[in-house]
Amino acid sequence: MKTSIPHWIGCIAAAAVAAGLAASAAAEDAAGAKEQFIPLLVYRTGAYAPNGAPLANGKQDYLKLINSRDGGVNGVKLTYEECEDEYKTDRGVECYERLKGKGPTGATLFDPFSTGITFALTERAPADKIPLLTLGYGRSESQDGLVFKWNFPLLGTYWTAADVLVQHIAKREGGFDKLRGKKIALLYHDSPYGKEPIPLLEERAKMNGFELVKIPITAPGVEQKAVWLEVRQQRPDYVLLWGWGVMNSTALKEAQATAFPRDHMLGAWWSGAEPDVKDIGEGAKGYSALTIQYGAGLTKVQNDILKYVYDKGQGTGPREEVGTVLYNRGLLIQMLTVEAVRRAQERFGKGKPVTGEQVRWALENLALDQKKLDALGFGEMLKPIVTSCSDHIGASFARIQTWDGAKWVPGELYEADQKIITPMAVSAADAYGASKNIPVRNPPKDCQG
Amino acid sequence: MLYRENGQFKTSYRADQQLLPITQDRWLMIALIALSFLVVPFVASDYAFRALIVPFLILTIAAIGLNILVGYCGQISLGSAGFMGVGAYVAYNLTVRVPQLNFLVVLLLSGGSAALVGIAFGIPSLRIKGLYLAVATLAAQFFLDWAFSRIPWFTVDSPSGSVSTNLIELFGWSVERPVDKYLLVLGLLCALTLAAKNLTRSHIGRAWMATRDMDVAAEIIGVRPVVAKLSAFAVSSFYAGIAGALWGFVHLGAWEPAAFSVILSLNLLFMIIIGGLGSMIGSFFGAAFFVLLPLLLNRVPGMLGIDLSTTMKSQLEAMIFGGLIVLFLAIEPRGLARLWAIGKEKLRIWPFPH
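For the protein sequence lines, the chains are A and B, in the order given.
When we follow my numbering, the leftmost residue of the first sequence carries the number 1, and every step to the right adds one.
When we follow my numbering, the leftmost residue of the second sequence carries the number 1001, and every step to the right adds one.
Incorrect hints may have been included.
So the derived label-pair ranges between C-beta atoms look like this [what the hints assert, rightly or not]:
no., chain 1, residue 1, chain 2, residue 2, range
1, A, LEU229, B, ALA1147, 20 to 28 Å
2, A, ASP311, B, ALA1318, 53 to 61 Å
3, A, LYS129, B, VAL1226, 50 to 58 Å
4, A, GLU282, B, ASN1166, 16 to 24 Å
No lab work stands behind these hints: they were computed from the structure.
By construction, the Cβ of each residue, glycine as well, lies at the ideal position given by its N, Cα and C atoms.
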């Protein structure tokens, strides 16, 4: 019995170690008065790094631009810290806990950049009073701000994305009536991310009479032989690709190998960036994917970044990646974050750091018209966006872009049909609210305030 | 000097067989329990509770469960995350479908369901051993993964496959603040550890160990292999089920099937190998090693004031962590628990080497 004596000791010893760690973590919080802390959850390593890195670079570069060109927001410096989560939910939760209390007013908002992490944080953020900005991802029903007060899927959700894709197919076929009897296969990343569009597509399938074939691909999606065998057997008219990271390029390679016409493959907006197609080049020619309003390219804001950040040697990533699809999306996310801070300052005190709660108000009361966007340098990239306490999405436009073998060529802009999406979101949000005992359809008094 | 048992005489069998026969160990244990129940709740930060201590305590429960199966009974299993998933999804279904159930009852039922599933998947162990059994339990892992993401009943028809939990209430105590969660998990861990320790000291534990050491000989001296192996699978899965329910409800709050993937199974197995097979304290060491060390490594450059890029920090974390695993196994293949035991032996005879 000698060696098995102290069996509980580990329990407590490690707890003590952890307590020591925590004490040192608390001591790190410096008391800088005129700073606004913006946490950055990133993944620069792991299976999704090729897509995660450019977006993270864009997000950080925009903060550097605001600091170096404008001296912050009304004199409040933007501070930030990156935390690597490897696209894993448990690490993402740890990063959230690590960063949420930093800075004089705590974290401004969180952009988890992973649908799985968003689901986990949706349960935590309301208690901590920190908004979640999930531009183009996350929970689709969270566009309903009356239930999801702290979630902001600005500019699009997977439901708006799926809706636009169906609209695009209908247009190519010559009308929604031509969809009847067609077969559309959804190849999806087998995770909440990939499953999100299914309710909308099922609804559309019922409405428009096409058949939906759902084919899951196990993450990370490097092995797809069986999947494409099924595609060959099913012979769908269109394939919708709902992939992320290496799954996208693998799918395109397999499509090439099985001779599935690439111009009948349509990707979601996380399946249409340079890393997904670059290595395949000509083989992916004709493949189209969505992008949130604007794809790749250099406009005023990117040129400013090159001038104020890269020319000073402070760029986060390689210079040639500035202006790529995901980099630009990172800029969009961060611009909306910074504008929310600015809007909150307008109401709660210019030149003062704002709290998460104040930022939440600002996100609900964003009104960026064309003039403001032009001034910010985003005039070409974005259409005006207006949010309200019930509408947490602001705008639901998406553009089709097509790979021509060397670059993404922008195509037509569509707007998702909120007549279909809003009722679905309301009923899903109400169900969520009921299960969480959230007072559903809360009074308008905390709307404008 | 201080740690010496000279003069501590046992005058009864009872005294000789108690859990902690050495007086100093008893005092240390009392001090540690007092520390963890009375001091830690007041000094640790929310971050420490939510990101470090609670996950560590929960994974320790799972590691103890797996250690019973692998370390004490010698049946290798790669399906422990699957059994944790059973616990989590059963608990989720119970709280959604029968909301009036007490959470302790929910926990017991999820542990019980996991035990039943564990017995079912443990049946192959009656015929196969070693690596072959590992493959069979791997099949359990994949089957359970598949079931949770493909059968909508488990997620109560959640379209995204992700489920989220409600507030836990226990006899009017709402387990909401991080410190409440900590106390709940700590209490359960201590109770479960005590139960596991005593199980391994009982005739059941001796049957497990006999089966582990040589199953043919065990059978000849009267150990029934069916009972020994399946009871080990049942107890192990019971612990995994409870750990899974806690992982989902107390730690994550919302999860997707990937939360209980084969990676977690492998991590649990590595935890007990590094910590020490067939040792309770080894489960604690292993879980601490896997939960706390990567986060610590990730933060060391920042604490030292070295400005490294996120990528570099993350790569360094992986490299050093991997290196430490190899290092510890090279120094002591029987795990950290063995190092601990050697340390204690040395301390006993200190300052004289013999």
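Verification of the hints:
{"no.": "1", "hint": "A/LEU229 - B/ALA1147: 20 to 28 Å", "in the structure": "holds, 23 Å"}
{"no.": "2", "hint": "A/ASP311 - B/ALA1318: 53 to 61 Å", "in the structure": "violated, 34 Å"}
{"no.": "3", "hint": "A/LYS129 - B/VAL1226: 50 to 58 Å", "in the structure": "holds, 56 Å"}
{"no.": "4", "hint": "A/GLU282 - B/ASN1166: 16 to 24 Å", "in the structure": "violated, 53 Å"}
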